[in-house]
Amino acid sequence: MEEEMIKKVKLKIAIAEIRREEMINQRKKFINPKIGIAVCACFVLMTGVVFAKDIEQYIKNIFNNTNEAIDMAIENGYVQSEKMDYVYDKEVGIRVENLVLDDFNLNVAFQFETQKEKVKSIRFRDFIITNEHQKVVYQSQFQYAQTLDELPLYNSINWMNEPIKLTDTIFTDSILFGLRPEKEEFEKLYFDVKSLNVTYEDDTKDIIEGTWEFDITICEEMRKSVNISYKLAEKNEYVEFCTGTLSPTGMVVELKLASSFNIREYLEENFEMSDDLNLFLIKCNGKEYGLSSFEYDPSNQIKIHYDNIGTFFDDLDKLELYLKPFDSSVILTKQES
Amino acid sequence: MKFFKKRDETLDLESIIKEFTPYVKTMINNAVANNLNFEDKEEIVADTFFVLWKNQTKEITDLKAYIAGIAKNLIKEKLRKRKVTCDISNYENSIEFSNAKLFSDERDEIDKIEKSLANLKELDFKIVTMFYYSFQSIKEIAKELNISERNVKTRLFRIRQKIKKELGVGG
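First to last, the sequence lines map onto chains Z and Y. First residue of the first sequence? That's 1491 in this note's numbering, and the numbers climb one at a time after it. First residue of the second sequence? That's 995 in this note's numbering, and the numbers climb one at a time after it.
You may find that some hints are simply not true.
Calculated lysine-lysine pairs in the BS3-like style (CA-CA distance at most 25 Å, straight line) [claimed, not checked]:
hint	chain 1	residue 1	chain 2	residue 2
1	Y	Lys1133	Z	Lys1497
2	Y	Lys1077	Z	Lys1655
3	Z	Lys1824	Y	Lys1115
4	Z	Lys1655	Z	Lys1695
5	Y	Lys1048	Y	Lys1095
6	Z	Lys1608	Y	Lys1156
7	Z	Lys1655	Z	Lys1610
8	Z	Lys1625	Z	Lys1678
9	Z	Lys1714	Z	Lys1625
10	Z	Lys1714	Z	Lys1808
11	Y	Lys1095	Z	Lys1655
12	Y	Lys1077	Z	Lys1497
13	Y	Lys1147	Y	Lys1109
14	Z	Lys1498	Y	Lys1019
15	Z	Lys1498	Y	Lys1159
16	Y	Lys1012	Z	Lys1497
17	Z	Lys1498	Y	Lys1156
18	Y	Lys1048	Y	Lys1075
19	Y	Lys1072	Z	Lys1497
20	Z	Lys1497	Y	Lys1048
21	Y	Lys1070	Z	Lys1498
22	Y	Lys1077	Y	Lys1035
23	Y	Lys1012	Y	Lys1077
24	Z	Lys1498	Y	Lys1075
25	Z	Lys1678	Y	Lys1012
26	Y	Lys1070	Y	Lys1052
Honestly, the hints are just simulated from the structure, not real lab data.
Take these sequences, add in the hints, and give me the full structure.
See the structure below:
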């Protein structure tokens, strides 16, 4: 009787292993046969292409540092899958697995391979990312910038969640960079990694110094991603002007409040509002989207960032922007491109 | 727990299944009596050991209690799926909470594939489990089963294709 149960369980495990193997294989050859394989290895899927739900989930899970808008974008095929080989040094191989880019965000998922034993996680330590214009996209060693030109292109980084151990020898980690909007378009990213942090299963840590250099070409669809612009539908006593830009991976709203209201004074008097994600709430499609960050200047101009809504969401013709300080809303309407 | 680990520190699942199958079956019968049919009960037993295998990297101090916790959660899951109202609270309270992840979506998919492999030949069963469960090489499998390596490869390929088709990823 137990022999039959052993056979049954073994078969389940064998099927699970084949399933896992297939998921890894599918991730590597994820194409829409109508488009074919682009030279730049960009796999942007159109709706109607059938793929296993778990594959989509698998790609999303590889982006362990991400946002809701990016998750939705990936679900709609807005992701570039790379086919590069590992670049090896000091018994560790590194490669780019997947990438999502638009005007507001760059999310890169890396994969590490090592035969070192009992490794729990691997993460970049000292590294720099540049583009073909010799502009720094990100550098781990902080450098003071004398001019605007010297400022890196990133203005925020989401790298909070731990790397993921896929197998005993393969690990994945992703980094989400918020990009400055004034960046010029770029086509290539160069990665220069000088050291890695390795954590072992007994929680001891090690630094591996080496040289890992590789580059990727951003596919055209990512470089020329389509944004949706919004304008204030009608005047409002609290808002002098308001515009919005919705990209595949997020939204930025810029508004100037009426001069009678001083945002800085307001936040100083109501300091708990500084952390209130509902301070400027986007409402559309029966849902509400809180902000992820905002900044303001002395002239009452406010720039608000949202990472939970993007162009792949539904019903985007009109967005309601709720202004909590005034308990009032303005309507933003989509501009025809 | 050490007692049930192989020399390479992986779980000695066969010994565990032999030791604990009667226990798990008794648990299930005590909890649900005739509220689930024989096939569902067998499925819970098999899934209990599958989930144990999937969670084997976790720290387990009391194997029997851990297995009982998994079985309890799977019983509840099966009762929900079958929409059977069966009060197991008295029984449930005597079993400790289990933090084992149940991998429900994966198990549903595996269940579907298992059904499609219902008529799997004994030889094919041996090949696929020796390769994917025991991690034996093609060469070792061919030698043990006294067939050619090509035969092993062909049969493995056909089973993989069948499973790929069920997964909806081509084949």
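Tested hints:
1. Y:Lys1133 <-> Z:Lys1497: Roughly 22 Å separates the two Cα atoms, so the pair holds.
2. Y:Lys1077 <-> Z:Lys1655: violated (37 Å)
3. Z:Lys1824 <-> Y:Lys1115: This hinted pair is violated, its Cα atoms lying about 61 Å apart.
4. Z:Lys1655 <-> Z:Lys1695: holds (16 Å)
5. Y:Lys1048 <-> Y:Lys1095: holds (8 Å)
6. Z:Lys1608 <-> Y:Lys1156: Answer violated: Z:Lys1608 to Y:Lys1156 is near 35 Å, above 25 Å.
7. Z:Lys1655 <-> Z:Lys1610: Answer holds: Z:Lys1655 to Z:Lys1610 is near 7 Å, not above 25 Å.
8. Z:Lys1625 <-> Z:Lys1678: holds (11 Å)
9. Z:Lys1714 <-> Z:Lys1625: Satisfied, since the Cα-Cα distance of roughly 19 Å is no more than 25 Å.
10. Z:Lys1714 <-> Z:Lys1808: Roughly 24 Å separates the two Cα atoms, so the pair holds.
11. Y:Lys1095 <-> Z:Lys1655: Measuring from Cα to Cα gives roughly 16 Å; hence the hint holds.
12. Y:Lys1077 <-> Z:Lys1497: violated (29 Å)
13. Y:Lys1147 <-> Y:Lys1109: holds (23 Å)
14. Z:Lys1498 <-> Y:Lys1019: Distance ~15 Å between Z:Lys1498 and Y:Lys1019 Cα, so the pair holds.
15. Z:Lys1498 <-> Y:Lys1159: The given pair, whose Cα atoms are some 21 Å apart, holds under the 25 Å limit.
16. Y:Lys1012 <-> Z:Lys1497: holds (12 Å)
17. Z:Lys1498 <-> Y:Lys1156: Holds, at roughly 18 Å.
18. Y:Lys1048 <-> Y:Lys1075: The given pair, whose Cα atoms are some 22 Å apart, holds under the 25 Å limit.
19. Y:Lys1072 <-> Z:Lys1497: Distance of about 22 Å is within 25 Å: holds.
20. Z:Lys1497 <-> Y:Lys1048: holds (17 Å)
21. Y:Lys1070 <-> Z:Lys1498: Roughly 21 Å between the alpha carbons, so the hint for Y:Lys1070 and Z:Lys1498 holds.
22. Y:Lys1077 <-> Y:Lys1035: Distance of about 15 Å is within 25 Å: holds.
23. Y:Lys1012 <-> Y:Lys1077: violated (31 Å)
24. Z:Lys1498 <-> Y:Lys1075: Answer holds: Z:Lys1498 to Y:Lys1075 is near 21 Å, not above 25 Å.
25. Z:Lys1678 <-> Y:Lys1012: Since the Cα atoms of Z:Lys1678 and Y:Lys1012 sit roughly 58 Å apart, the hinted pair is violated (cutoff 25 Å).
26. Y:Lys1070 <-> Y:Lys1052: holds (22 Å)
When each numbered hint is compared with the structure, violations occur for hints 2, 3, 6, 12, 23 and 25.
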